[in-house]
Amino acid sequence: MTDVAADPLDPAGTTLGPGSAVAVTAAARATPAQWSLLVRKATFLAGAAIIVFWVVCAIFGHAIAPYNPLAQQLLDVNTGPSGAHWFGTDPLGRDVLSRIIVGAQDILIITPLATILGTIVGTALGLAMGYFGGAFDLIAGRLVESVLALPSFIIAFLFLVAVGHSTTTLIVVIGFVFTPLIARTVRAAVLAERHLDYLAAARLLGENPARIMFGEILPNVMPAILVEFTVRLGYAVFTVATLSFLGFGIQPPTPDWGADIAADYVGLTAGYWWQVLFPALAIASLVIAVNLITDAIEQVLAS
Amino acid sequence: MATFLLKRLGLMVLTLFILSLIVFLAGQVLPGDPGRAILGPFAAQSAVHALDTQLGVNKPLITRYLSWIGGAVHGNLGESYTYQSAVAPFIGAALINSVKLALLAFVVVVPLGITGGVIAALNVGRPVDRIISVTGLSLATVPEFVSGIVLIVVFGIGLKVLPVTAAAGPGASVGSQFRHLILPAIPLVFVLFGYIARMARAGTIEALNADYTRTAILKGLPRFTVIRRHVLRNSLLPTITVIATQTGYLIGGLVVVETLFNYQGVGDLIFKAAQGKDFPMLEAGILVIGVVYVLATLGADLLLIALNPRLRIGGGND
Amino acid sequence: MSSPDASLALPTSSDAELALAVQHMDVTYRVRGQDRVVLRDVSFSIGRGESYGLVGESGSGKSTVALALVRYLPRNGRVSKGTISINGLDPLSMGKGALRDLRAHTVSMVYQEPGRALNPSLRVGRQIAEVFELAGQSSGDASESAENMLRKVQISDPGRVMQRYPHELSGGMAQRVVIAMALAVSPSLLILDEPTTALDATVEAEVLDLVATLRSEFATSVLFISHNLAVIAKMCDRVGVLYAGELIEQGPAGAVFADPRHPYTVGLLRCIPRRGQRKDADRLDTIPGFLPTPGSGLTGCIFAPRCALAQDRCRTAAPPFFAVSDVRTSRCYFHEQAPDLPRATPASIPSASGADGADGVSSADGGPLVVVEGLSKTFGGNIRALSGVDLSIQRGETLGLVGESGSGKTTLARVLLGLIAPDQGSVVTLHDAPLNPDARRRPRSVLRALQIVFQNPDSALNRRHTVRALISRPLSRLAGLSGARLRDRLEQLITSVRLEDRHLSLRPSQLSGGLKQRVAIARAFAGGPEMVVCDEPTSALDVSVQAAILNLLADLQTTEQVTYLFISHDLGLVRYLSDRIVVLYLGRVMEVGPSETVFAGPHHPYTEALFSAVPSLDGERPSRIRLTGEIPSAADPPSGCVFHTRCPRRLTTGICESTEPLLLEGEPGHLIRCHIPLSELRTIQLNESVPHQGGSS
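Protein chains in written order, with our numbering: chain V, 3 to 305; chain U, 1107 to 1424; chain W, 7 to 703.
Careful, some of the hints might be misleading.
Claimed, not checked - Listing some non-contacts, in silico: residues in chain U with all C-beta distances to chain W over 10 angstroms: (1) Ala1153; (2) Val1154; (3) Gly1176; (4) Asn1182; (5) Arg1236; (6) Val1256; (7) Leu1410.
As the list claims (entries may be wrong) - Only pairs whose alpha carbons sit at most 20 angstroms apart, straight line, appear in this in silico SDA-like list of lysine to any residue: (8) Lys158/W x Thr634/W; (9) Lys1113/U x Gly135/V; (10) Lys1378/U x Gly166/V; (11) Lys1383/U x His167/V; (12) Lys1383/U x Gln253/V; (13) Lys43/V x Ile1237/U; (14) Lys1113/U x Leu140/V; (15) Lys43/V x Val1240/U; (16) Lys1383/U x Gly166/V; (17) Lys43/V x Pro1233/U; (18) Lys102/W x Thr1331/U; (19) Lys87/W x Arg36/W; (20) Lys43/V x Arg1232/U; (21) Lys43/V x Arg1236/U; (22) Lys102/W x Val1332/U; (23) Lys43/V x Asp297/V; (24) Lys1266/U x Gly269/V; (25) Lys1113/U x Asp139/V; (26) Lys43/V x Arg38/W; (27) Lys1266/U x Ala272/V; (28) Lys158/W x Ser176/W; (29) Lys1383/U x Ser1191/U; (30) Lys1378/U x His167/V; (31) Lys1378/U x Gln253/V; (32) Lys158/W x Leu214/W; (33) Lys43/V x Gly39/W; (34) Lys102/W x Asn1229/U; (35) Lys1113/U x Phe138/V; (36) Lys1113/U x Glu147/V; (37) Lys102/W x Leu1314/U; (38) Lys1113/U x Gly386/W; (39) Lys102/W x Pro1328/U; (40) Lys102/W x Val85/W.
These are calculated hints, taken from the structure and not from any lab test.
Built from N, CA and C at the ideal position, the CB exists for glycine as well.
Work the whole structure out from these sequences, hints included.
And the structure:
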């Protein structure tokens, strides 16, 4: 088994997340040539295309959207897809298409920022734990392990209930929830490097710890971090959408895919399927896009 | 092995401690003034203050924590703000319901996921593998509320073959309960299938490429024996532990699914408590969930020790 | 006499049916849509009960031969031409069932890493019994047969071992288990692919002896694949030399190694230091150039680009097999001139400052550089990796450090460098000043003075840094250089290790093993060190590359006046390079003395066993001592003299079990830790000598 399995915190070496255990050790050996392979992969391009599309929607949303997503047209409620409203209208007569386009904004702000926050803090923590080892690693490790032993969604949920949910708190809470997981992955990647002689060579040059962590180790674990980042990104979209659905995410009347589904799904019994289907497809497309990219990266690294 | 067990137990205790701290912090400290939360923004400050004192909010944090945790250990999980009665019975009943649902989902998804993963691994690169992998991936990316809604529409409303509420009603037979639980279990199965299949696939591929598999094949053993006796034994070890950690995702999914299908489980309980700002109920629910989850991971570790000779018996003479 | 069958070089036995006959075999891999021919026109045969060695460096395709024979090539590989016949059967045209039968009853394989060849989740006994069950025995009978088999491979207490899991076994024992599995059903052909490469010398000797014994007992034919010519010379009747996918020479092992008739074989043999060669007197010869990339589709002789005898004829038409004798062939137009192949590297050394020449006296101008006193290192409370080591490394000398696993040689090196902190009371001094046990606390001047070249360049070089960065860093950190002065010194260093400017912008993954190791050497010398620890610097390299690196190290020592601590398990290399040698066993110094003196004898019984265990192209040593048993665990060392449990010369008085002998000077400069005085050892060891046999049997 890989060095990951030798981790006393994690004897089975499995809790890195599905498939990424394989990717971590493979990722640690990526070379520049592989990136050009990556951008040629169909899965990568497909995923990137979808994401780019939504990014454009997020940035230029109000300019692109045919209607004002907040504008209620009470004479036009619950109409199905038609020439005037491609995706139909919702119970308040708002154009579904416009809401979907603009709805990309919040989710595309929150998820990357939350993931980046978690990644930065998690990486720093993981590097330190892996490099210093000893008492620091033992204590920090126990803490990380303990926090990880709790269902992350529930913890996020709990904190959001406690502190209220605004864009900022969503970012901070989700980032905080991701930090231990990323720290553990980075720590495992660092441990896989620890026994390599180039670190001993660096010590024999009198390099200081910061230089060793960031100058020597970090470039080698970067690929693993990248994989982990994209995986977390997918989870983040999933989580934010679910939280919104439960009402603990983005607040109405701001267009939000999850919240809109929550508000409109009772309409299914009346047959108003478009109000739920399109936001659902939007969510699914984003998650699939991120997963396609992750898959492409993992495939390139494993070859 | 004994030291390993002790370490895990110690870790478990520490984890539970930290869990309780987190829950306490989030539930008691962060939300601010529970008296205000209960009485609403228009109540008089004096009334709020009186209620706060009655609730013991003004005592020092440590005291509050100790009395809370002390009570929890004895089964007293506090009093619900909403129902004005003990929390514990609610949690107890809800827990049983959730366990039924979770168990059904597990019993379906674990064999399905493992089989799918192993089949994919045995046919790496071929269409079967791509199909299974992509299916797993796609299903795992669809949030439970989306698939839940689709299922309700298609099977419950459209085709009318399965009930749309998960609760079968009091005194229902096992068979009837089972029927009601099918639809809610499916979104959970969808989400977990991808993870489990992926792990089983990765583990099996690694085992297939290992030197010992080569030895087995070159001994002249039939392919099926090689797979059954040599490959699977080693490939499934990591998968088993991952399954335990999936309980975490499962629990997250329970909140959504139970709410959607109107099922009085722990997830639904928590959700309603959150909506109603019923913090004692919320905390108790989360605490209980946390404990269940920690126990599940410990169980997985024990299973792993039982199955992995390297952990059972220590290293060799090298 | 170049008949179409000349390529087979038929075995000396006249048995009608051969155990193995390979005729004109090609193996092709499909990589990224292109076909690559990895083996070309390979033909050889193995007679009944015969042992055939396939020798080659990495990239020669020797392991591919083994895989092709049992039809276990990876999915993208296939035998594109030629025929294979094992016991008269053709594996290439068999159906799945017949192939399984072939693998179960006719052919067995033993691989390099025994620990990984065994299923970690099944008990050892079960894995062996499996083979018998396949042969039709009931599970009870199979179990008994398995136990018998373990006895046959000289595992004492087979009943207990049967119940163990693979991770509980040592490397030597695991390999015996694998051999037991392989020979269980008396196969006609046993294929061994580098079976002892991962094992210690004394353990290797035992396993090889075992294979030889079993081979005759089971009347099995053996195909022995290795890069180690000495092992092949010892174990095989006939040998085939593989280069870049082609068999370029074949014949009886003794004849081929004593009198090679292909320029490649000649060059290869010259790369290996032989008895009597010393770095002070002559440099090793090397093979210029690089291995051709597989599938590059050359016309003409595949070795021509690197051959000093090559002429136009060689480049236009690939030579056929020429019969050197009835039983030898060579694929070279100039096979008669091959022994006179001009050297690629001049034999003489570059102008030295005060080197003393061939009498073996070191150019050390005296004065200890690094002194170690009472060095002990205990891991985890009970594992004594080093115990009371006293050493003095003289300025300018090369001190060879020899020992097997558990000897503590790597720990010693790391303690010297400050990478591991020794136990309290240990003293390490440089120029008589004590060194801080932690490298992080050592001043720059000390870090400059002590450097290391690691064994594995893949691990020792940060794969994300360019060569320029890797060498510039120590130049700036240790030598304090910057700007133009740094660039100048960088150029100097590159040239001194025979690298080129174009290598500077590359990363380690784009370099070959030899080039990577040169970068590592350049890095070690960047700060102008006084002592460089060489920790198995060539173990991960091919023989031909090894010679170049050793020459480089020897040259640098002369020009830069450095001291070497040379750690190696390869006694031939140690003998060639070292002025003095230290023999370690279980963390204790067993013997210290001038290199030739220690090698010639008399010496410590362990040294004696070690030397006689290692196969040599110069033939068997006069006194053959075989050790039995495993190296004891460092956590529970034997009482008294730690070697007594395996010592064939253990005294009957019991003193060896009770008292640890002191390290005493038996003759000037030669210390030995044994209760038997050196004079007595001289009598015992030299009187037991068997008349020295040239070449192998």
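Quick rundown of the hints versus the structure:
{"no.": "1", "hint": "Ala1153", "verdict": "64 angstroms, holds"}
{"no.": "2", "hint": "Val1154", "verdict": "59 angstroms, holds"}
{"no.": "3", "hint": "Gly1176", "verdict": "40 angstroms, holds"}
{"no.": "4", "hint": "Asn1182", "verdict": "47 angstroms, holds"}
{"no.": "5", "hint": "Arg1236", "verdict": "16 angstroms, holds"}
{"no.": "6", "hint": "Val1256", "verdict": "40 angstroms, holds"}
{"no.": "7", "hint": "Leu1410", "verdict": "12 angstroms, holds"}
{"no.": "8", "hint": "Lys158/W x Thr634/W", "verdict": "15 angstroms, holds"}
{"no.": "9", "hint": "Lys1113/U x Gly135/V", "verdict": "18 angstroms, holds"}
{"no.": "10", "hint": "Lys1378/U x Gly166/V", "verdict": "16 angstroms, holds"}
{"no.": "11", "hint": "Lys1383/U x His167/V", "verdict": "14 angstroms, holds"}
{"no.": "12", "hint": "Lys1383/U x Gln253/V", "verdict": "17 angstroms, holds"}
{"no.": "13", "hint": "Lys43/V x Ile1237/U", "verdict": "18 angstroms, holds"}
{"no.": "14", "hint": "Lys1113/U x Leu140/V", "verdict": "12 angstroms, holds"}
{"no.": "15", "hint": "Lys43/V x Val1240/U", "verdict": "16 angstroms, holds"}
{"no.": "16", "hint": "Lys1383/U x Gly166/V", "verdict": "11 angstroms, holds"}
{"no.": "17", "hint": "Lys43/V x Pro1233/U", "verdict": "18 angstroms, holds"}
{"no.": "18", "hint": "Lys102/W x Thr1331/U", "verdict": "14 angstroms, holds"}
{"no.": "19", "hint": "Lys87/W x Arg36/W", "verdict": "15 angstroms, holds"}
{"no.": "20", "hint": "Lys43/V x Arg1232/U", "verdict": "18 angstroms, holds"}
{"no.": "21", "hint": "Lys43/V x Arg1236/U", "verdict": "15 angstroms, holds"}
{"no.": "22", "hint": "Lys102/W x Val1332/U", "verdict": "14 angstroms, holds"}
{"no.": "23", "hint": "Lys43/V x Asp297/V", "verdict": "10 angstroms, holds"}
{"no.": "24", "hint": "Lys1266/U x Gly269/V", "verdict": "17 angstroms, holds"}
{"no.": "25", "hint": "Lys1113/U x Asp139/V", "verdict": "15 angstroms, holds"}
{"no.": "26", "hint": "Lys43/V x Arg38/W", "verdict": "15 angstroms, holds"}
{"no.": "27", "hint": "Lys1266/U x Ala272/V", "verdict": "15 angstroms, holds"}
{"no.": "28", "hint": "Lys158/W x Ser176/W", "verdict": "18 angstroms, holds"}
{"no.": "29", "hint": "Lys1383/U x Ser1191/U", "verdict": "15 angstroms, holds"}
{"no.": "30", "hint": "Lys1378/U x His167/V", "verdict": "17 angstroms, holds"}
{"no.": "31", "hint": "Lys1378/U x Gln253/V", "verdict": "18 angstroms, holds"}
{"no.": "32", "hint": "Lys158/W x Leu214/W", "verdict": "14 angstroms, holds"}
{"no.": "33", "hint": "Lys43/V x Gly39/W", "verdict": "17 angstroms, holds"}
{"no.": "34", "hint": "Lys102/W x Asn1229/U", "verdict": "18 angstroms, holds"}
{"no.": "35", "hint": "Lys1113/U x Phe138/V", "verdict": "17 angstroms, holds"}
{"no.": "36", "hint": "Lys1113/U x Glu147/V", "verdict": "12 angstroms, holds"}
{"no.": "37", "hint": "Lys102/W x Leu1314/U", "verdict": "18 angstroms, holds"}
{"no.": "38", "hint": "Lys1113/U x Gly386/W", "verdict": "18 angstroms, holds"}
{"no.": "39", "hint": "Lys102/W x Pro1328/U", "verdict": "9 angstroms, holds"}
{"no.": "40", "hint": "Lys102/W x Val85/W", "verdict": "17 angstroms, holds"}
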